[in-house]
Amino acid sequence: MLIGLCSQAKADKLDLGKREYDSACAVCHGITGKGDDGPLKSLLTRPVPNLTVLAKNNKGVFPFDKVFQIIDGRQEVAAHGPRNMPVWGNAFNNQTSLYFDNYPQQDSESAARSRILALTEYLYRLQN
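In this text, residue positions in the sequence shown follow full-length UniProt numbering: the first is 1, and each later residue adds one.
If you are wondering where the hints come from, they were derived from the structure by calculation, not from laboratory data. A few of these clues could be false.
[Said to hold, decoys possible] Pairs of lysine-lysine residues, derived as DSSO-like cross-links and limited to a Cα-Cα distance of at most 27 Å, are as follows:
#: 1; residue 1: Lys-34; residue 2: Lys-18
#: 2; residue 1: Lys-34; residue 2: Lys-59
#: 3; residue 1: Lys-56; residue 2: Lys-41
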């Protein structure tokens, strides 16, 4: 029993996509991604979209490229305001060392893309 709990705790720690979501997205989109329970919901002026129905709203296909581009800044979302998302801004570029020990500074773009990819994949897993 204890081994199972330790394995699950280790797996949760290694789920980079969930860690990114919990630290950067859940504050507005909620812990479940449904947009109904984020701590900042009452402060927002626009409805928060339900991230668990992205595939459903796209004819059953998860819009992977679009989601990746929204997160990396190539595609704007009016509700997010200027391209730096309000809560975390350039966190993907500035905090690579938190996840990649001794990662070469000149390759921080690769580390940022890895984190964005993990987050996009996590959003895929949230689909109903």
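A quick look at each hint next to the structure:
no.	hint	verdict
1	Lys-34 / Lys-18	holds (15 Å)
2	Lys-34 / Lys-59	holds (18 Å)
3	Lys-56 / Lys-41	holds (23 Å)
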